[in-house]
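Protein sequences, first through last, are from chains A and B. If you count the first sequence from 1, position 249 lands on 251 in our numbering, and the numbers rise without skipping. If you count the second sequence from 1, position 70 lands on 1017 in our numbering, and the numbers rise without skipping.
If you're looking for bench data, these hints aren't it; they were derived computationally from the structure. Note that beta-carbon positions come from the ideal geometry of N, C-alpha and C, so glycine has one too. Any given hint could turn out to be false.
[As the list claims (entries may be wrong)] The calculated BS3-like cross-link candidates involving lysine-lysine, where the alpha carbons are at most 25 Å apart (straight line), are:
no., chain 1, residue 1, chain 2, residue 2
1, A, K74, A, K130
2, A, K188, B, K1092
3, A, K176, A, K130
4, A, K293, A, K74
5, B, K1147, B, K1092
6, A, K100, B, K1147
7, A, K358, A, K293
8, B, K1092, A, K176
9, B, K1064, B, K997
[Unchecked claim] A few chain A residues facing chain B, derived, Cβ under 7 Å:
no., residue
10, F101
11, P104
12, F106
13, L112
14, A186
[Said to hold, decoys possible] Residues from chain B that keep clear of chain A, each with C-beta distances beyond 10 Å, as calculated:
no., residue
15, V984
16, A1027
17, T1074
18, D1116
19, M1119
20, D1126
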Amino acid sequence: MPRLDLFRGIALWLIFLDHIPFNVVNWVTIRNYGFSDAAEIFVFISGYTAAFVYGRAMRERGPIAAGARILKRGWQVYVAHVFLFVIYLAEISYVGAKFDNPLFAEEFNLFGFLRSPDVILTQALVLKFKPVNMDVLPLYIVLLLSFPPLLWSLLRSPNLALLGSGILYVVARKFGWNLPAFPAGKWYFNPFAWQFLFVFGAWCALGGAQQVASLIKSRTVLVLSVAYLLFAMVMTLAGHFPRMHQLIPTWIDRLVNPVDKTNLDPLRLLHFAILALVTVRFIPRDWPYLKWSGFRPAIICGEHSLEIFCLGIFLSFAGHFLLVEISNRAWMQILVSLAGIVIMVVVAWIMSWYKKLDARGPKSLPPQPAAGRPLAGDAA
Amino acid sequence: MTRFSALLAGMLLCGGAAFAQPADVCAVSEDLLSTDVPLPHVAEAVTQAKRLQVAVVGSASSTLRGASGVQHAYPAQLEAELGRRLAGVAVKVVPHIQQGTTADMATTFPRLIAAEKPNLVIWQTGTTDVMLGTEQEAFRDALDKGLQTLQTSGADVILMNLQYSPRTDPMMHVGPYADAMRTVAEDRGVPLFDRMGIMKYWNDEGTFDFYSMSNDGTVERVHHCIGRLLADQVIGSGKVVQNKPTQ
């Protein structure tokens, strides 16, 4: 599915860039030009892939075997999350020990939890304490844990399952359902809301995309879509430029803002759905340019999404660290951003190479199941 | 872009005068310091009663550590600046530093108002909520209720947002809270003192380096500048005739 991998790879790059704070290169990422951002792409494609891979497994080997593989994948993501958390702790401990500017004595309390590792490590292991930028994997873990029964129902009756997911989304938003976080508040990515996007991705993979084919081809829909995308762009840019913001009528501003990320604001959901629709219209599955070598780096990153995602989070910590400790001039920001993407591509390339090596290994070994990394097939 | 055009506009407007005076270290671009929202109680206190009572309710970032910390912190700087510029008016600024969320702070308002009867309350908040991760809706509600309490008590209000802290901001979800403060203040008709935007401007312009780990006296200068700009806002929004030029 090179098209899917291409966009997932691009989303991974964007997530990396967005996670480096105060970075000029952030200006190229889509979150500045519309309501939705790379998180939506990642969750949607994750749902799509999960359904595509494990859906086939469930049809061929039954729900128990497929469910077990899904849970195994969830465990892998959990281990990856804990690994990232340790790296985060190392960075924050270093900064916390060195940084002592009395102007920020209050903000410095943030590091207070380092004094009680008993609490913080336990809370992190049960996914209640989640540092900023480390909220996506816990969401993914919860989604995978609940995916076996969900996939089962999606295979039986896709539309009914999607409807159920939609109802949960609406009800959870209405009644404020969310999982608790530590030290206070709720999850930054509300699983009860974001599950809908994941299920929507899964639904598209299991034949839903064909159901909306007429919508994708419709000219009226295209015109409305472009209008909405432009509107979202104006509203989002206005958030960055106070002078532009003053030109927006207050009632429109109040109608739109704030665009809630935690509970996946319908404006964001719609924005992503439209982006996906327009993309699918103009970039068909057999788009000849998908074979163009210029897209290759993004595609191979997309093929190893979990590993490259984790690497990207790590690189964003490291990049921010370099910007703070060495220089935060614009050229340095550009350099750090480019170097990070190059590292992501190189690592993805090495992983592909290993994979080929494994495939060429002794014949007695059974072929590796492509858990979560579907390369075969072309459903997208 | 905006900053550049503001700078350009400023240069065109001021013309030669800008070059005659020494550059103001605290200066920020115009759009960061809005004085559109009037402060009628302040205006009345200054012109009629000749007595201006201000209460600053804030968390630890509204004061400084150490024995002489309070004297250098922005509330004291604001008092000095207002006293200097509002000749003939008895200006008193009383800081109330507390540790707690926005909701916690708001519970102290009725007693504070009854005890001091301030003409103006400067409410600095948000930091604790960001660090704890208070829910967005609860935060907005607490903010709105707190502002309402102050507004109905016969005092003007200025809301002050968080500090710009480049080393710790990336570790917190600051954005949604800052946005909430802006919109709630707008809805309540309360001027926002955009401390975060101002400090970011200083950092970007090289006025102050907030990445720096050491304390080389910048802390006091930062608070001095915040006090100065707050005075600009109070006087500008209070539509109070300036008795003396700034410099």
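Run the structure past the numbered hints and jot down the numbers of the failing ones, going up.
-> 4, 5, 17, 18, 19 and 20
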